[in-house]
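As you go down the protein sequences, you meet chains D and X in turn. Each residue of the first sequence is one higher than the last, beginning at 1 in our numbering. Each residue of the second sequence is one higher than the last, beginning at 240 in our numbering.
Read the hints as simulated data drawn from the structure, not as lab findings. Computed from a predicted structure; not experimentally measured. Some hints could be false.
[Stated by the list, open to error] Derived list of chain D stretches under chain X, where covered just means 3 residues or more per stretch with a C-beta under 8 Å from a C-beta of chain X:
{"no.": "1", "segment": "75 to 87"}
{"no.": "2", "segment": "145 to 151"}
{"no.": "3", "segment": "170 to 180"}
{"no.": "4", "segment": "185 to 193"}
{"no.": "5", "segment": "196 to 205"}
We put the beta carbon where it would ideally sit given N, CA and C, even for glycine.
There are 2 protein chains.
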Amino acid sequence: MMNKLRVEVCYTPSDYSYFKNDFEIVVVIDVLRATSAICAAFENGVKSIIPVPTIEEALEYKKKGYLVGAERKGQIVDGFDFGNSPFSFMKDECKDKEIVLTTTNGTMSIEVSKEAENVVIGSFLNLKSLCDWLLKSNKNILCLCSGWQDKFNLEDTICGGAIASILIESNKYTSNEDSTIAAICLYKNAKTSPFGFLKASSHRRRLKNLNLNKDIKFCLTPNQTSVIPILKNGKLVKL
Amino acid sequence: MMNKLRVEVCYTPSDYSYFKNDFEIVVVIDVLRATSAICAAFENGVKSIIPVPTIEEALEYKKKGYLVGAERKGQIVDGFDFGNSPFSFMKDECKDKEIVLTTTNGTMSIEVSKEAENVVIGSFLNLKSLCDWLLKSNKNILCLCSGWQDKFNLEDTICGGAIASILIESNKYTSNEDSTIAAICLYKNAKTSPFGFLKASSHRRRLKNLNLNKDIKFCLTPNQTSVIPILKNGKLVKL
Numbered sequence: 001m002m003n004k005l006r007v008e009v010c011y012t013p014s015d016y017s018y019f020k021n022d023f024e025i026v027v028v029i030d031v032l033r034a035t036s037a038i039c040a041a042f043e044n045g046v047k048s049i050i051p052v053p054t055i056e057e058a059l060e061y062k063k064k065g066y067l068v069g070a071e072r073k074g075q076i077v078d079g080f081d082f083g084n085s086p087f088s089f090m091k092d093e094c095k096d097k098e099i100v101l102t103t104t105n106g107t108m109s110i111e112v113s114k115e116a117e118n119v120v121i122g123s124f125l126n127l128k129s130l131c132d133w134l135l136k137s138n139k140n141i142l143c144l145c146s147g148w149q150d151k152f153n154l155e156d157t158i159c160g161g162a163i164a165s166i167l168i169e170s171n172k173y174t175s176n177e178d179s180t181i182a183a184i185c186l187y188k189n190a191k192t193s194p195f196g197f198l199k200a201s202s203h204r205r206r207l208k209n210l211n212l213n214k215d216i217k218f219c220l221t222p223n224q225t226s227v228i229p230i231l232k233n234g235k236l237v238k239l
Numbered sequence: 240m241m242n243k244l245r246v247e248v249c250y251t252p253s254d255y256s257y258f259k260n261d262f263e264i265v266v267v268i269d270v271l272r273a274t275s276a277i278c279a280a281f282e283n284g285v286k287s288i289i290p291v292p293t294i295e296e297a298l299e300y301k302k303k304g305y306l307v308g309a310e311r312k313g314q315i316v317d318g319f320d321f322g323n324s325p326f327s328f329m330k331d332e333c334k335d336k337e338i339v340l341t342t343t344n345g346t347m348s349i350e351v352s353k354e355a356e357n358v359v360i361g362s363f364l365n366l367k368s369l370c371d372w373l374l375k376s377n378k379n380i381l382c383l384c385s386g387w388q389d390k391f392n393l394e395d396t397i398c399g400g401a402i403a404s405i406l407i408e409s410n411k412y413t414s415n416e417d418s419t420i421a422a423i424c425l426y427k428n429a430k431t432s433p434f435g436f437l438k439a440s441s442h443r444r445r446l447k448n449l450n451l452n453k454d455i456k457f458c459l460t461p462n463q464t465s466v467i468p469i470l471k472n473g474k475l476v477k478l
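Just chain D, with the same shape it has in the complex (with noise of 0.2 Å):
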């Protein structure tokens, strides 16, 4: 028998010193919301985005007269233009732009991976197209969920846990982690109705409160374009 590839979910970007070395592709996934708002980014004609982990350095680049996207906790941070919502990125002033980015988590994960071979970006919005390209990739795959301050959360596991469920069902991955099977699981259950089973999810309550439904019903839309991110040189440019 062919030895199958890897396919694995991690949890937090601080539990990926256990995983890093044995991957070739890192698909990074932050659901609520700033890999759904980069895929959503793209797909309206957005040239790139820069992601950054700091605030500070996502002033410097606004004082070069970037546009730049910056959120904290669910909330744009005072100074800027606009946070992580997808739609804020679905504007035509965003078209043919290069955009900077910091969240509070996502763009926290693309940091600690950005020495992978390869780091692509993964939400609901491009699951099947991403899936297709992993599967012709011939490459061990990590989906990376980026949590909320390092805790665990459900929508970056479900979505990681689809990711892992259908490149399993290929027959030409397997996993060997504990949280690959409960990811998986989870996806299960959350499948018939993503919105229903995250209705007690910590963010989900986080985001209610700040009037956010319409934001969280279009994150947990699957396949709404077939972009694939990929950083290149510090940049996330479709693929």
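Guided by the hints, dock chain X onto chain D, whose structure is given.
Relative to chain D, chain X alone:
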């Protein structure tokens, strides 16, 4: 409405730092097999258990004439009489004795949480009696899973999910964390057949290779004892 108490599930000792200040009771869980063995030991008349994090400390106690269990990676450490199989603690020679124990994961969880107000030992073996006691405690409760070398594992998570589920159903407790929602969901999926649910889990594969299916079945059988081991001055004793 009365403010509810909190119960949460933390997946690994290394995540404990994100949780530790909010909980008066820590329930340490290492289903396969340390905390199951500790419960079995007290059920069978062991007087006390001294958990130690390192092999070196365990050796010091052995030189002084103590009975010492030492396990690493599922196997008995060379030079020690037994590891962490529950059956090793159920022998006549253990009755009324003070026993020393070091294990890969479980004693590490006790080590990181030892400054908590109360540290008790949880497993499927004492599930019902432990939950009855927790429900009367009027304290906030953290279920601290031991994981496998600081990674998430399934068996501890479903045990934590069982405890959280029972406490929340009482209506006295609530949870804020996605890790707890997921643990409860996984427990509900595993409930009718934990042995089957864990079939693919990494630890079951690991122990199966060591011919330990009998241990696994024993550790997954709930409510075999009413003992609640509790940490007092560095020793585990019967509450």
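Check your understanding: With a Cβ-Cβ cutoff of 8 Å, does the segment 170 to 180 of chain D contain at least three residues near chain X?
Key -> The restraint on the segment 170 to 180 of chain D holds, since 4 of its residues have a Cβ under 8 Å from chain X and three suffice.
Coverage of the segment 75 to 87 of chain D by chain X, judged on three or more residues with CB within 8 Å: violated (count 0)
#### Entry: chain X over the segment 145 to 151 of chain D, status - at least 3 residues with CB closer than 8 Å
With 4 residues in contact (Cβ-Cβ under 8 Å with chain X), the coverage given for the segment 145 to 151 of chain D holds.
Under 8 Å between beta-carbons, do enough residues of the segment 185 to 193 of chain D, three at least, approach chain X for the coverage claim to hold? It holds: at least three residues are needed, and the segment 185 to 193 of chain D offers 3 whose Cβ sits within less than 8 Å of chain X.
Taking a Cβ-to-Cβ distance below 8 Å as contact, does the segment 196 to 205 of chain D have at least three residues touching chain X?
n = 4 at 8 Å, threshold three: holds.
The structure is inconsistent with hint 1 alone, although it conforms to all the rest.
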